[in-house]
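Chemist: Okay, here's what each chain looks like letter by letter:
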Amino acid sequence: MNLLETRQLSLSRANKKICHNLDLQIKAGECWAILGQNGVGKSTLLLTLAGLFESYQGDVFLQEHVIQKMSRREIAKIIGVMLQDDVWSFPASVEEFVLHGRHAYRSGLGDFSAQDKAFAKQALCDTDLLELVHRPVNQLSGGESRRLALATLLVQAPKLMLLDEPVNHLDLKYQIGLLNLVCDIVKNQQKSVIMVLHDVNLVQRFCDKIVMLWGDGNIEYGLADELLVEEKLSALYGHKICKLEQGEKSFFYPA
Amino acid sequence: MTKLLALFIFAIVCAVFALSQGSVAMSLLEVWQALLSSAPNSHEVIIREIRLPRVITAFLVGAMLAIAGALMQILLRNPLADPYILGISGGAAVAVLSGMMLGISGVLLDGLALLGAVLSSLLVFFLGFRQHAEYSDRLLLTGVVIAAGWGALISLLLSLAPDMSLRSMLFWLMGDLSHSPESGYTFLLLLTLFLVLMRYANDLNVLMRGELSAASLGVSVKHIRILLYLSASILTAMAVSLAGSIAFVGLIVPHLLRLFIGTNHKLLLPACFLFGGSFLLLADTLSRTLFLPQTVPVGAITAMLGVPLFIYLMHRRLS
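Residue numbers (our numbering), protein chains in the order written: chain U, 1 to 255; chain H, 1001 to 1319.
Be aware that a few hints might be false.
[Unchecked claim] Straight-line C-alpha distance at most 27 Å; calculated DSS-like pairs for lysine-lysine:
#, chain 1, residue 1, chain 2, residue 2
1, U, K159, H, K1222
2, H, K1222, U, K69
3, H, K1266, U, K209
These aren't lab readings, by the way, just hints derived from the structure by calculation.
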């Protein structure tokens, strides 16, 4: 069964074509990356897959259900999203915010259970945020906010994770830590991730499938090994990109 | 919960204080006797027919403004939003001032205020409200522009108004609790809206993250936004029709309470109810007793209390 599927999806925003008749199938255990230049609509595509952007033609199916007919609560139990930028203006604590990941699982007026709180603690531990538990979220740094967004996503425990530039603002240690954590979850628990990434080397290291947005409505997708080649990447980013082989590993660098 | 209990006791203390103060000062015992006694005497008339209705109206208006402020702040995702930011009070003011110029007075003015407030909020709703979260700035922009438009009309009306009605117009604009109509229905409506909102308190908590994020976590943002807008509009319209536009209560009370109670709306909304009411009640008591025998508009007092308090809070947060 496909976890997520698009059929004949056509999408545009501000009179700019993002994709045309796209048929994409996401299965359990896959790590996808979305690549493309600034402004080609990577984030809009991601939001569409999450059911958060609704002006499109075609269909998006989540576990064989039309996503537009599902309630936000039903979707939130399957899909978790990490947005590109979070601006938090209220002085709620880190602890309160991470528990929001369990919102879809509690009843209307209910409080969070002891189990929810245990999940939250584990997620804060995994993201190195335990010390900041009582810090107001409007006082967090960019990188700390990112890690809190990840912790919320972990607590939500979705089958499909949609991450929009997840490593923005993060130190190197946390970049690799985050991607390791997410990809381990995908492989070990048969979940899936689709993420917008700008660093081709991170894509090569962590992702097995790729979607390339060319900016004219054309989309190419397939195995990372086949798409991550010098000519394609150079054309995609409008800048010459070279490959450097080093033993068994290879790296891309801009010429 | 202990904090809510403390706020409840504070509200009672404020009410008793307000009842005992005025041009005829009374002891607590006299207030108590006047409230309970059946024998008509001068104290009984003052308490039951003059002070008590005013105390109730002040408390209800304060509660409505504080709750509406908290809702607006969530809806616009801006802790500095107040209930009037989208032009609701401006619409009411234009309707009331026009009425005053035409010589209308009394309960009809309340009706005009309500009409103006409702029309203005509907105007903003249809011009500025869009389903998609990406347009959330549009509501704020539309509201602020409409409010500016009302502001211009208010200036125009004031400059055209005959001198004799100018004073009552200015009083209305600054917020005035001097006439207190029957408040049974107001209380019922406030209580109903409050209970409905409490039902969605958890959703409001998640909505603090922003609309897209809340939607991705399972909040049906589309519906909650409409609920928030309508509730805040109704509460503000009622408050404005009872007391004109009273500055700072809707801004400062939720802000203050977030510092002491936290951001959980299951506690914050009841706290706004209790402390918003108490705050306006205190301000109103000051407004009628500070310059005896003169009464000053309560809006001037709330602003005088609110401005230093607000600046203090801002500094405390920054340091």
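Chemist: So, for every hint listed, does it hold in this structure?
Modeler: Outcome of the hint check:
Between K159(U) and K1222(H) the CA atoms are separated by roughly 24 Å; this keeps the pair inside 27 Å, and the hint holds. Restraint check: the Cα-Cα separation between K1222(H) and K69(U) comes to about 14 Å, which is no more than 27 Å; the hinted pair holds. Pair hint K1266(H) plus K209(U) does not hold up; C-alpha atoms about 44 Å apart against a cutoff of 27 Å.
Of the hints listed earlier, the one the structure fails to meet is number 3.
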